[in-house]
Structures are given as C-alpha cells and as structure tokens.
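**Student:** Dock chain B against the given chain A, drawing on the hints supplied.
In order, the protein sequences belong to chains A and B.
Start counting the first sequence at 1; every next residue gets the next number (my numbering).
Start counting the second sequence at 1; every next residue gets the next number (my numbering).
Any given hint might turn out to be false.
Note: identical chains are not told apart, hence a pair may lie in one copy or across any two.
[Claimed, not checked] Straight-line Cα separation of at most 30 Å, DSSO-like style, residue types lysine-lysine; simulated pairs: (1) Lys50 with Lys210; (2) Lys50 with Lys195; (3) Lys195 with Lys156; (4) Lys156 with Lys50; (5) Lys195 with Lys185; (6) Lys185 with Lys156; (7) Lys190 with Lys92; (8) Lys92 with Lys185; (9) Lys185 with Lys65; (10) Lys92 with Lys297; (11) Lys297 with Lys50; (12) Lys156 with Lys190; (13) Lys286 with Lys92; (14) Lys190 with Lys25; (15) Lys65 with Lys92; (16) Lys286 with Lys25.
Just so you know, the hints here were simulated from the structure itself, not pulled from any lab data.
There are 2 protein chains.
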Amino acid sequence: MIKYILGIDGGGTKTEAVILDIEGKVAGTGTAGGSNTNFISRREAAEAFKQAISGAFEAASVTAKDIGCAGCTFWTVANEVFDELRIPVQPKSFSEHAVAFERAGIEELRGIAIIAGTGSSCGGFSDGGQRFTVGGWGPLLGDEGSAYDIGLRGIKRALWSAEGRLPDTLLVDAVRSYFGIEHAKGAIGKLCDTKINQSLVAGFAMEVSKAAGMGDEAAIQIIEEAGEMLGEMAAFVARQIFTENDGFPVVLAGGVFNMGRLVLDPIRAVILPQFPKAKALIAKMKPGEAVARLAYKKCFGG
Amino acid sequence: MIKYILGIDGGGTKTEAVILDIEGKVAGTGTAGGSNTNFISRREAAEAFKQAISGAFEAASVTAKDIGCAGCTFWTVANEVFDELRIPVQPKSFSEHAVAFERAGIEELRGIAIIAGTGSSCGGFSDGGQRFTVGGWGPLLGDEGSAYDIGLRGIKRALWSAEGRLPDTLLVDAVRSYFGIEHAKGAIGKLCDTKINQSLVAGFAMEVSKAAGMGDEAAIQIIEEAGEMLGEMAAFVARQIFTENDGFPVVLAGGVFNMGRLVLDPIRAVILPQFPKAKALIAKMKPGEAVARLAYKKCFGG
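So that you can see chain A by itself, here it is in the shape it has in the complex (with noise of 0.2 Å):
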C-alpha cells in the first residue's frame, strides 16, 4: 500500500501543503490564507492549514488514512488540524531557518538564513551544532527589512511627500491607487486603527518595488536599506558562530528577495567585507515542498 508524504508551511499572508508521493515527486499542492500565529489567531490558522491541506488530498486524489509521514511550521496548529482531518500521522516540526535551507537544496543545516517575508529574522547554524537567532519580533519592535518594513517606509515617505515635507516620488500615486482613495493622506484613515494590518502594510512593498524599477529614488533608497538592514542582521549573526575564514552560504528566503539585485547588492556589500568565503543562495523551492521533503527524510531516510 503506497503511503503520501504531506508537507505543510504556514507564512505571513500565505499556507501551503504539498503531497509528495513515496518517490519524492509533487502528487499535489494547496494554498491558503496566512497561518502565522504571531499575528492572527490559532482558530484562523488551523482554518487555512485545513484549507490548504484538503486542497492538496484534492489536487492529489488521496485521502487522510493514505498519509504515511508529514511534516508542519506551527507545530500546535497542525496537531489540532491533523486530529480534526483523521490524518494518521503525528506531524514532525521544522524551524522556518531549516525550511529555508531546504528550500535552497542545500543537505547540510549549516551556515546562516536569512527570512523577509512579511516579517523578518535570521539564524545561524555552525559546524558543531551550534544554533543562533535574531529577529521574529513582530511589527511593532522588529522586522526590520521585512516587507511589512518596507511597505510602511513606503507609505510614511508618500505622506512626507503629500504633505510637502519631503520632494516628489511616484510612491504618492502608489499610495492613493493602492489603497482606492483621492488624496494620500487618506491612508492615515485607513491605518488609524491601533491594531497592525500587517498585510495590508506589507502588501505595499511591491508598490515600492515596482516604483523602485520606475526609477524612483525615495523607492530605491527604502530598499537598499532595506538590503543593508538585512545584511548587518546576518553579519551579527555569522560573527557570532563563524570566523572571517569560513566558508559558508547564506539562504535567502522570503518575497523581498523578489526584488532582485536592488535588495540583494546591498546584502552582498554588508556581509562579504566581513566573510569573503560566504556565498548568497536563494531559496527557490516552494515552502510547503522543502517541508514535505524534510518530512520525507526524517522518515525514511536520506
């Protein structure tokens, strides 16, 4: 009797379960809502892990007794969604860090990660075993260079710049197309309340994106802090577990890695000065995958 390997990665804005068959191929994939227990609540993020999983046994016709072996983020939420769906398996739990290496095809969990998603945190992983992280702190205190980060320094400088504190920049008509309003300044009304949308912030950071390709300076600049940010978070951390002499890769996972060079140069320029030897990786692999497939060899082997 085949038994499915089921993989299933909770993020920011976004849940995906993958269905991996007992040769390791993709049989089926779903997608949700984000499942990030930072920042809703559990009763909505087992909901978008049921979503996402009843996507995947549809996608690949199986059903929860067919399942052999799964792996989870959110590792709470998934015992209460596993029980709910009868799936026979008790779910194996991954940090994002591991995720991420996965997601870069790289075997060894050695080296550092760096996540800018909507949120944003870094971790570190050395020869003997050693384990260091920074970041994960929220909206409020951290995520610095996470797209949440970015999109509110996008909207700030669109208000500086609707308001005549700051020159012109094309984020101002970015503001008021994205969030449908006339004047800039209305987004204030629509992010007065003292609950963070975070989504809707970090939604934003394309907007700068795509400004930033126009050309636009303020937009630019906004990333390339962005990047610098990140780069100084990793270069705290490689210090941390690393000599200067070290090889080692650096995992780029996350939506703000989207953004190409803009992000990326400045993370290089930060962090080589420091470690000649590292070398940029980005992860390229879907998340819910790399979680199916770490699942996968803690089952069965390598």
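**Tutor:** Then chain B, alone, in the frame of chain A:
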C-alpha cells in the same frame, strides 16, 4: 443665581475636567484615564469624560444644572455625555492647538504650537488667520517625537543591547523592571500582540528620561532625536505661514517637555537659525482649566 463654567480636555492617557466660578477661579477638578478616540473606543472615552466631570462636580460642590457654559475637546463624546448627565448647555469645542496657546497664557491665536504627549502634532496660526497643521497621524504612521515614539525607541534600543547587537545601556535594566520580567527580551512577549498598546509603550518614555538623567548615552540620544524631530516639524509649519523676520511664540505642550533641556535645546537648535525672533514657551496651565477659560471667554467675553 451663580452659574459655573465647565471645561473638559481628553488626552491620550488622561482626561481632566475643571470647574471655574463666575470670577474665573478654579472651584474644582476631576480626572480620569485617557479619552482620545484615536486610540480607544467612543464608549470608553465617554466613561472617562463622565468620571472626570462627576469628580469635578463633587470637588466644586455643584450639580449639572449650575453649569452655565462649557468647553470641550472631542465634541461628539462631550455632547453624548452632556446629554446623559443632563448638563443644560451645548459645549463649545476647541482644538488641541488652541488649548495649547491658552495653557501658555497667550491670548492671541498666532504662532506655533507643538503638542508632544502620548502622540504628537504641530499647528501654526498666522497673522492673517491662516492655519496649517501637520502630524497627529497616530502611532503607526506618525507621532514622531511623542512619548510613544521615545518609549518605543527606548524599548527597541534595550532589546538590541540585550541581544549584543549594540553596546550596553541602562535601558536594559529599565525594561526589565518596567515590564517586571527576568530578561529584557521578555518585552517582546508583552508587546507581541498586533494591537498597539500605546499607553504601555508611551509610559516607558519616563524610564528613558530617567536613564538620560543618569547620563546614559543611548537614552540621551533618543531624547535629543525626539527634540530634533519636533523642531523640524515646527520649522516646517513655520515656513508655510511666517517669514524669517517674523517674531512669534512656539508653544510647547505635553508631557514630553517635562524632560527639560534635553528635549528643548534640540528644538531651539533647529528653529532659531531659521526663525531668530521665535520664542519657545512651555504650556504650564492644566489642559482642563485652559478649556474652561476658553469657554469662559467665548461665553462672557475676554
């Protein structure tokens, strides 16, 4: 039959009601928690208004029917509460900038008012009746130089030190005792909710001020930067309505200015080179009393 004058002011963390007798002497004062509807619900604001007004009634030994004239900030809330308490007058509404001028004892509405309490904003009033305001955008998009801003920067700075990313500062111990936690990074747990706890963050501004008083470089820098931002906000407003040869008062109103020269010197350093004849004045009168005095003048003439 003697009639009394009631004034009520709502701030981010404090509400104050003051009753004046017909000669303009303070007959009684009542206070309550915050009532700024930018941060709390109208229902909570109305409760704070009621509590402050009832306290003032009691202190002055008057009842609702003795009130012959009244002033307020947050007109909608005041109207609702006045109906409920059967206060037989319509309150006159005043802006926080007008209240700031009155608090500084300035009769004529001309000059600049910088508000830096829990939040921040700036208003300017020209000879010709021109009015120009900036800020007041709330904790997510604005509030530069406010107690909220100072508190948040202080907490972030402590966390970076606790993590080893920046040199040590007294703010690390201050965060531990302020939040009652073992390790400074526990502050992340206290503030990880996506709802901005503005009073809790703004309250830490006082700890930043204390650390600065003990010579802590990190704390001093945070407060000086707040002063610079407030100064730049005021200078921007002044450039819209005054010329460099104009003399005008710059009224400073709000708890941030209790920090003294550390915040005041940078404000002067920004404004004076551009407007040598401007003069900073601290608003010392209690805000509730200022609202009552404005109402008095409006009802009975100067």
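**Student:** Using 30 Å as the alpha-carbon threshold, which applies to Lys156 and Lys50: within, between, both, or neither?
**Tutor:** Neither. Shortest intra-copy (37 Å) and inter-copy (36 Å) distances fail the 30 Å Cα cut-off.
**Student:** For the identical chains here, do Lys185 and Lys65 meet the 30 Å Cα criterion within one copy, between copies, both, or neither?
**Tutor:** Close neither inside one copy (54 Å) nor across copies (43 Å); limit 30 Å.
**Student:** If the cut is 30 Å between Cα atoms, do Lys50 and Lys195 qualify within a copy, between copies, both or neither?
**Tutor:** both (26 Å within a copy, 26 Å between copies)
**Student:** Under a CA distance limit of 30 Å, which applies to Lys297 and Lys50: within one copy, between copies, both, or neither?
**Tutor:** within (24 Å within a copy, 65 Å between copies)
**Student:** 30 Å Cα cut-off: does Lys65 pair with Lys92 within a copy, between copies, both or neither?
**Tutor:** Within one copy, since 17 Å is at most 30 Å while 70 Å is not.
**Student:** How would you classify Lys195 and Lys185 at a CA-CA limit of 30 Å: within, between, both, or neither?
**Tutor:** both (19 Å within a copy, 22 Å between copies)
**Student:** Measure nothing new, just compare the shortest in-copy and cross-copy C-alpha distances for Lys92 and Lys297 to 30 Å and report within, between, both or neither.
**Tutor:** For Lys92 and Lys297, the Cα distance is within 30 Å only inside one copy (11 Å; across copies 72 Å).
**Student:** When Cα atoms must be at most 30 Å apart, do Lys92 and Lys185 count as within-copy, between-copy, both, or neither?
**Tutor:** Cα proximity of Lys92 and Lys185: across copies only (28 Å, versus 47 Å in one copy).
**Student:** Indicate which option fits the pair Lys50, Lys210 if close means a Cα-Cα distance not exceeding 30 Å: within, between, both or neither.
**Tutor:** This pair counts as neither: shortest intra-copy Cα distance 34 Å, inter-copy 51 Å.
**Student:** Between the shortest in-copy and the shortest cross-copy C-alpha distance, which are at most 30 Å for Lys190 and Lys92: within, between, both, or neither?
**Tutor:** Only across copies: Lys190 and Lys92 sit 29 Å apart there, 40 Å inside one copy, limit 30 Å.
**Student:** First find the shortest C-alpha distance between Lys190 and Lys25 inside one copy, then the shortest across copies, and answer within, between, both or neither for a cut-off of 30 Å.
**Tutor:** The answer is neither: 44 Å in one copy and 44 Å across copies each exceed 30 Å.
**Student:** What label fits Lys286 with Lys92 when the C-alpha limit is 30 Å: within, between, both, or neither?
**Tutor:** within (18 Å within a copy, 61 Å between copies)
In summary, the structure is inconsistent with hints 1, 4, 9, 14 from the numbered list given earlier, while agreeing with the others.
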